[in-house]
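Enquirer: For reference, the chains in residue letters:
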Amino acid sequence: MKILVPIKRVIDYNVKVRVRRDGGGVETAGVKMSMNPFDEIAVEEALRLREKGIASDIVVVSIGVPQAADTLRTALAMGADRAILVQSEESPEPLAVAKILKILVERENPDLVILGKQAIDDDMNATGQMLAGLLDWPQATFASRVEKTGDGLTVSREVDGGSETLSLTLPAIVTADLRLNEPRYASLPNIMKAKKKPLETLSAADLGIDLTRRLTTLSIAEPPTRKAGIKVGSVAELVEKLRNEAKVI
Amino acid sequence: MTALVLLDAEDGAIPQTSRSAIAAAARLGDVDVLVTGGPETIEAAAASAAKIPGIRKVRTVSGEDFAHALAEPLAALLVALAPEYDHIVAAATAIGKNALPRAAALLDVQVIPDVMEIRDAETFVRPIFAGNALVTLRSSDAKKLLTIRTASFDPVPAEGGTAPIETVTPPACRSKSHFVSAEHSSTERPQLEAARIIVSGGRGLQSAEGFKILEPLADKLGAAIGASRVAVDSGFVPNDYQVGQTGKIVAPDLYIACGISGAIQHLAGMKDSKVIVAINKDEEAPIFQVADYGLVGDLFQIVPALTEALG
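Protein chains in written order, with this note's numbering: chain Y, 1 to 249; chain S, 1 to 311.
Think of the hints as simulated: they come from the structure by calculation, not from any bench.
One thing to keep in mind: the hints can contain errors.
Unchecked claim - With beta-carbon atoms standing in for the labels, derived distance ranges: (1) VAL168(S) - ASN190(Y): 53 to 59 Å; (2) ARG189(S) - PRO224(Y): 29 to 35 Å; (3) ASP70(Y) - THR169(S): 27 to 33 Å; (4) LYS247(Y) - ALA158(S): 21 to 27 Å; (5) LYS195(Y) - VAL168(S): 54 to 60 Å; (6) ALA121(S) - GLU245(Y): 40 to 46 Å; (7) THR217(Y) - LYS57(S): 34 to 40 Å; (8) ARG82(Y) - ASP108(S): 27 to 33 Å; (9) ALA44(S) - ILE191(Y): 55 to 61 Å; (10) SER186(S) - ASP210(Y): 44 to 50 Å; (11) ARG82(Y) - GLU159(S): 57 to 63 Å; (12) SER186(S) - ASN190(Y): 43 to 49 Å; (13) THR216(Y) - LYS51(S): 20 to 26 Å.
To be verified - DMTMM-like, lysine to aspartate or glutamate: derived pairs with alpha carbons at most 20 Å apart: (14) LYS231(Y) - GLU284(S); (15) LYS220(S) - GLU108(Y); (16) LYS231(Y) - GLU283(S); (17) LYS197(Y) - ASP122(Y); (18) LYS176(S) - ASP151(Y); (19) LYS176(S) - GLU64(S); (20) LYS274(S) - GLU117(S); (21) LYS247(Y) - GLU308(S); (22) LYS176(S) - ASP136(Y); (23) LYS220(S) - GLU240(Y); (24) LYS52(Y) - GLU182(Y); (25) LYS32(Y) - ASP122(Y); (26) LYS247(Y) - ASP253(S); (27) LYS197(Y) - GLU108(Y); (28) LYS247(Y) - ASP219(S); (29) LYS274(S) - ASP122(Y); (30) LYS241(Y) - GLU308(S).
Said to hold, decoys possible - From chain S, some residues computed to sit far from chain Y (all C-beta separations above 10 Å): (31) GLY29; (32) GLY38; (33) PRO39; (34) ALA44; (35) LYS57; (36) ALA121; (37) THR162; (38) ILE165; (39) THR167; (40) GLU188.
Beta carbons: idealized from backbone N, C-alpha and C, even for Gly.
Produce the entire structure from the sequences given, and follow the hints as far as they go.
Expert: This is the structure:
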């Protein structure tokens, strides 16, 4: 089985994101960039399927600026076999990303595409579902467990009331939730080996996909800040405040 | 302008989250609602939907394909109904977040998730970077597909209307995914998104056993119980308790955070609460920066004392 894992380069999870003073975006100068955490989980799941003898070939793909090659190298160091970078000037919207991925799927013929459920920069939570729609493939989003059963997959999903389990025929789309697995760290020898693994570079323009944004950003602002209140000295004081000042109990 | 709102129909009832989505859609124009479900529950769900005031009509689709809200048949249905509408709206619940982007791709539309403010028919505000920034954006798509951050819109009432009910024949859809089973956590408590008061616990509870200390307090307040990601990842409580960027987004009247440090990802899910109380032994914990009332100390003493004091 061949698995395609799309990954995104985003501002690192631990960076406190700040809105630029001109309102045109967030501060990225000198800010640490990393692989989207949900995508790390997706890569890890593909590696585990290979370790179980289910998957053979793992291809990672990223769409974005040339530096996204670094993110692909990280995935190669984790254990992916080869990488494809589709260069574009900025990060396209999920619909355009899904269209690019559809072309790559048609070229690579994977049996399974595993994506992170959302990127932690735009929080769109859409690319996997959109790709599934464009390909007319079944989808299991927010996955917490993936198993190969017979010719297909059995996937448990995190839903609002608990979890549910679906069966899917292959080829299929899975999007990874937080608790699917804990991604491994790349070891130094594997980081060295990753430098020699194949990384192919394409350009979004060559693929003939229109990247024009459907959503125009008018402004980006900081949310209204909530100011710290007071510290109370005792349970009795807390109850008094909640009853008589806040009037919520 | 006319909007179609896809409702989450749970065992014949329409949840508050869907009524918040209707409230949002009502700002865009006339509202039709779409109720889907298995043959056993569809009549009750349609009847509940028809009682919601301000709706033009209730459209219902039933069938085994729709019994478990799978994305493939729902997206195909939304695509079939789309020509009649300017906006297609759903609550940003597991069902809406699963089905709407798929439908949007089939319609060649960029979905707009987690809308927290509607400026006009094409201009929306949504959070990015775990709520650390709010983006105002304008859609150039002819049709708009939105999911609604339900904590940002007061729900319409559940009763008072008498909308007509119309049955729709769904398009043929050969689903390649099938429902196997559901493992729902059972609770007598209010749902997180609908609760007026939430008692929430984090790492400070130390164990599944320790977490139980919150139950008497929640019982006394008629509160829902929530949790931080750490508490869920550590196995103290099931995943559907999680409040935060990737869990549930809540805005109750009162949020009592017990032993929660206040990571950005958690704050993203609860900082719109009206009143926040933080109980934590670390007086430097970031949760105190957003709390209206902070109490520094050992929660294993404070929580029982608070339960007692509420008498």
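Enquirer: Determine which of the earlier numbered hints do not hold for this structure and return their numbers in increasing order.
Expert: 3, 13, 15, 17, 29
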